[in-house]
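Enquirer: Here the structure of chain X is known, so what remains is to put chains W, U, R, G, P, L and Z in place on it, guided by the hints.
8 protein chains.
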Amino acid sequence: MAAVGVILGSDSDLSKVKECFEILEYCNVSFEIIISSAHRTPEQTRQWAASAADRGIKVIIAVAGGAAHLPGVVAAHTTLPVIGVPVETSIAGGLDSILSIIQMPAGIPVAAMAAGKAGGANAALFAVSILSLGDKSCAERLAQYRKEMAEKISGRNEALNKMGYRDYIKRDRG
Amino acid sequence: MAAVGVILGSDSDLSKVKECFEILEYCNVSFEIIISSAHRTPEQTRQWAASAADRGIKVIIAVAGGAAHLPGVVAAHTTLPVIGVPVETSIAGGLDSILSIIQMPAGIPVAAMAAGKAGGANAALFAVSILSLGDKSCAERLAQYRKEMAEKISGRNEALNKMGYRDYIKRDRG
Amino acid sequence: MAAVGVILGSDSDLSKVKECFEILEYCNVSFEIIISSAHRTPEQTRQWAASAADRGIKVIIAVAGGAAHLPGVVAAHTTLPVIGVPVETSIAGGLDSILSIIQMPAGIPVAAMAAGKAGGANAALFAVSILSLGDKSCAERLAQYRKEMAEKISGRNEALNKMGYRDYIKRDRG
Amino acid sequence: MAAVGVILGSDSDLSKVKECFEILEYCNVSFEIIISSAHRTPEQTRQWAASAADRGIKVIIAVAGGAAHLPGVVAAHTTLPVIGVPVETSIAGGLDSILSIIQMPAGIPVAAMAAGKAGGANAALFAVSILSLGDKSCAERLAQYRKEMAEKISGRNEALNKMGYRDYIKRDRG
Amino acid sequence: MAAVGVILGSDSDLSKVKECFEILEYCNVSFEIIISSAHRTPEQTRQWAASAADRGIKVIIAVAGGAAHLPGVVAAHTTLPVIGVPVETSIAGGLDSILSIIQMPAGIPVAAMAAGKAGGANAALFAVSILSLGDKSCAERLAQYRKEMAEKISGRNEALNKMGYRDYIKRDRG
Amino acid sequence: MAAVGVILGSDSDLSKVKECFEILEYCNVSFEIIISSAHRTPEQTRQWAASAADRGIKVIIAVAGGAAHLPGVVAAHTTLPVIGVPVETSIAGGLDSILSIIQMPAGIPVAAMAAGKAGGANAALFAVSILSLGDKSCAERLAQYRKEMAEKISGRNEALNKMGYRDYIKRDRG
Amino acid sequence: MAAVGVILGSDSDLSKVKECFEILEYCNVSFEIIISSAHRTPEQTRQWAASAADRGIKVIIAVAGGAAHLPGVVAAHTTLPVIGVPVETSIAGGLDSILSIIQMPAGIPVAAMAAGKAGGANAALFAVSILSLGDKSCAERLAQYRKEMAEKISGRNEALNKMGYRDYIKRDRG
Amino acid sequence: MAAVGVILGSDSDLSKVKECFEILEYCNVSFEIIISSAHRTPEQTRQWAASAADRGIKVIIAVAGGAAHLPGVVAAHTTLPVIGVPVETSIAGGLDSILSIIQMPAGIPVAAMAAGKAGGANAALFAVSILSLGDKSCAERLAQYRKEMAEKISGRNEALNKMGYRDYIKRDRG
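Chains as they are written, first to last, in the numbering used here: chain X, 624 to 797; chain W, 624 to 797; chain U, 624 to 797; chain R, 624 to 797; chain G, 624 to 797; chain P, 624 to 797; chain L, 624 to 797; chain Z, 624 to 797.
Treat the hints as calculated values from the structure; they're not laboratory data.
Possibly wrong hints are sitting among the right ones.
As the list claims (entries may be wrong) - Calculated cross-link-like contacts (lysine-lysine; reagent style DSS-like; alpha-carbon spacing at most 30 Å): (1) Z/K775 x Z/K740; (2) G/K793 x P/K775; (3) L/K641 x Z/K785; (4) G/K641 x W/K740.
As the list claims (entries may be wrong) - Over 10 Å on every C-beta distance to chain X, these chain Z residues come out as not near it, computed from the model: (5) Y649; (6) D677; (7) E763; (8) K775; (9) K793.
We treat Cβ as the ideally placed atom computed from N, Cα and C, and that holds for glycine.
Chain X on its own, in the form it takes in the complex:
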């Protein structure tokens, strides 16, 4: 039984939110993945969303680009928390997807994340922060994740101080 359901409008979005899956795994959160379009497979999308709670899903992550109706359509068929991840497009780098996901009308919320890679990672982390309210081991993994992030930055500052900016930049590119 999966705690998080991830739905993607296209299989080409899978690689764009790879960090999402990796972070869920890091936090030991079970998840299921489905490719289903709001427009091309509306019935599949509706049934998947409407039955998610009964399957034990607690949080849904919906990934879509362009008109990006998927997160809103999913949210219309469930009262579970739905997190929307816009995919970068050619219109101003994803402004179309961002606005389509964030501008949901009063009544049916979607939690919008950043466009692209950061959005995929943060969707997972936000799902984990919700699950952490009722799951201590989940909360510990999340705390651990933050700690490691901070430690990485410490390590970078040490290297930068030792090497100076010139060598650091060179190494970065080497």
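Expert: Then chains W, U, R, G, P, L and Z, alone, in the frame of chain X:
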């Protein structure tokens, strides 16, 4: 039996596309109106769209603001031509609605019109241009509409020539 | 003990998210409100965010306009789920606030809602959807809210069918 | 005698809407193609548009980038349904073309599609949905197209379930 | 015989470019005005543009909002210099008109001015700067216009110095 | 002898940056004001900027809307720190002014502030933060300003806690 | 003695407007080129602009990217017609340059062209259209240019008709 | 003891503002560099900012992309002048970062620079212009920098005049 089905995401959109209804009436095109949200009443929207062809509907006009998923969601449930009308919003005057309607993914088209009043009028005229392909009396009303538009502009030029721009502007404001 | 903490960057934002408070009350969710700026009172903001979990807060709603750093700054000091509500501004109707809230870097998520009134309402509903995972009575109120929304639309369609669009629009304006 | 007329502002747009031609062929819809600019060859454009109905054309598809006046100019010279396809440009990925095509004034509608490849495909599908109103075999091909789209997604889900996301992404890139 | 031809897409634009006419009069430049739409009266627009040079017109000013194809369509039918004035719209304050006028394809130039009142005034001044190349009295009026502009600013600085900013602002509003 | 020079492109901008003058006065910083346009009075602008350092000016604040070239033109004629304040316009609420001020080429910096009222206030505060580096009494006033800002927010929280959000909003509007 | 003066903010812009020079040469219009920045070499820019009319220059073309103040600054120092060419930048493909050039305040006009290559070509053609008012041989070259443009399109249509779209696209890429 | 403190939200920003460091070195200004995120290491950021003045820092440069809260967060913890450098992102080339840095609320100013390379260089030059108010040798280096910039342009004009535009462009690319 109505030839055109008009679906609006909110009853507050009715007054914004009044010209749509008036032009359909001018062209003697029968139509039905329903208020139904893609998100707040997804089942009603789905059933209305999926059964439209069987009810004799030939063209659908879908009006929505903000995330404006309605035209796309309707198009997912029918192969009838769907015309989308964005409603002006506070985000750059409706840029969110425009992009959400126009940026449909390959496979499920929506015909996007201008935001606001012009879009409502043009949705009706575009529906009429489709119906005109199979209905001569409809085509005659459309031709008549264009002729009257051109005549109104002739009348304005005559008035402008007679009065000069100063008096014309004053009259316009009076 | 409050379940939801609402933090606003300015007291002038209170009236803009009134629906947020009303929906939380409708769902019998206890909440606390604080006015605190990310920039003008950074210490108060930090302490409020860092101690929120210990006070029993489960979900945070952060409301801000312009540069709108508040939701991100709050999220930096807690692992609780943080929902961000952009306030409409003069820059393209709030595009600055929207982008500043949604474009959080990988690692520290904020759940971005729509700009303005819809965002305030949806922040409350999204918080309730999270609380519903662990609180049955909360979930029932949320289901009830959705049901009432759909019923209101039914009522509007009945009125529209009875009156016709012309009288409905007039009544709407009367 | 062609049922659909496709007009492109530049021969460099041909490859950008290749899917348009392929879908028309898939649906057994005859079409003619002309390269003609609204600005560089205005007379040719006008005559082509004004005579389209007499040549038996039922639907027009006009493709243009930048200022993208072509669909509007064509629509001014015919009452046939005109579908406009914006071409991606460097200004925010085609925002200039999108706005120029969608923001037609009341009276002369153009049906705007998405920018780029998706727009080309959808223009063809939208034209087919119009022709389907009076042509049963056309309607059958359209239904078949949708069915195949859905089946492709089913196949992808099966592969994804079998392989897991890691291998699926690798294969995708391999 | 008029030296400047002003064409407006709608009579509602007349008052928006009043300064255009006033400056032409100030510089003793004769002009004609016509209301003609690129889309609603394409034949009238074409004939007016194509015959402008023969009527003695030297510079054309074309005013339009929304899709704003008028300046480009006029430029397609003449080699006279065409100045385009975008009218402020609800889309980001006229961004649609601006982009549609400025983004002309290589081969057919239009000289784009600012949106709104400033654009109307500057279209006249730019036309006068062109006419000044071959007309000394015209050049003198233009030089005089610039001198008076600078003198007005001097007067304001004197008043500001005398009154202080507080009283100056009050007076400004009184 | 003034420490800060404020230059405005138009006298209509005076009221828009009133807070700028009030904060300079609060901090006991002497200032001079001039109305001078980059385009309409280029010589005056150039001489004012080029001679500012010799007059004892230490920081320049330049206020302008639309194309907003003034801050950049001033910066070209002095090595003093130049702060630019965009004025809100109809293009997306001042996006044109913001981009024109912030996008200075490498070599000649301008410090861009927010559009409108906040920008006027912050230009003064930023000027004061620069002067504070060499002037202790100036630094004390700046510290005092920040303290009072924080105290105002404390007062608001007390009132909010006493009254509840409903009465607070009512009072706010009363 | 040159008839057209071309000023560029940076030598890296030279290759971006190569078509500008080629078209001027095609039309036998003499021109001079200078690299001069509004901000880095303000004195050189001012003197070049202020003395242009005396050197016999009739039309000025100013090319600039980013804040793109150059055309406006040049126009402030001359009453000759000034044509502005925005250079494509990373901000939405040149939106910053476009707005900075087009949004000139009332009083000092600049004729804005499209961003990038098309803008360079059109600046030359617009300059030629101005010069054509007083120079018959210039007008003949402009008419010839338009004729050749149209002929090229005819040739492309012939090839397309002969080859079909599939082979035409292949050849295009081959 | 460093006079300028540079804080970057990510080590990947180091190479993007290399010019910043090089110009500070050219002007003999001592500086320290730290990598610290507003969100991932909020405590480190706060302490670094709050203690900067005591460490002798006079001006702070903060570099960040995406939501780009770093400059504002730093400014909240110090009264030193804070210069913000947006990093280019995929959203319209950095519009998100630009707006998030420039739209600071009244009370806590940040001096926003251009996005990307130019912004890094100008942040250094602006810091130097502040330090120059109290440090003559610093002022001399700044004056020298400007002089060399102008001389480089002179050299380019000489080359251009000698070679002609064709060869100059070729050399540029060679």
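Enquirer: Minimum Cβ separation between Z/E763 and chain X greater than 10 Å?
Expert: At roughly 25 Å from the nearest Cβ of chain X, Z/E763 sits farther out than 10 Å, so the non-interface label holds.
Enquirer: Below or equal to 30 Å on CA atoms is what counts here, so check Z/K775 against Z/K740.
Expert: Given that 30 Å is the threshold and the Cα spacing comes to 19 Å, the pair holds.
Enquirer: According to the definition I'm using, a residue is off the interface if its beta carbon is farther than 10 Å from all beta carbons of the partner; does Z/K775 meet that for chain X?
Expert: Given that every Cβ of chain X is farther than 10 Å from that of Z/K775, nearest at about 23 Å, it holds.
Enquirer: Please verify that the nearest CB of chain X lies beyond 10 Å from Z/K793's CB.
Expert: Z/K793 clear of chain X: closest Cβ-Cβ about 29 Å, beyond 10 Å.
Enquirer: Between the alpha carbons of G/K641 and W/K740, is the straight-line distance 30 Å or under?
Expert: 25 Å, holds
Enquirer: Within a Cα-Cα threshold of 30 Å, do G/K793 and P/K775 meet the stated pairing?
Expert: Judged against 30 Å, a Cα distance of about 28 Å means the pair holds.
Enquirer: Closest CB-CB distance from Z/Y649 to chain X, is it above 10 Å?
Expert: 14 Å, holds
Enquirer: Just to be careful, I want the Cα atoms of L/K641 and Z/K785 compared with a cutoff of 30 Å; is the pair within it?
Expert: Between L/K641 and Z/K785 the Cα gap is close to 18 Å, so the pair holds against 30 Å.
Enquirer: Minimum Cβ separation between Z/D677 and chain X greater than 10 Å?
Expert: The claim stands: Z/D677 keeps its Cβ more than 10 Å from every Cβ of chain X (closest is about 20 Å).
When each numbered hint is compared with the structure, no violation occurs for any of them.
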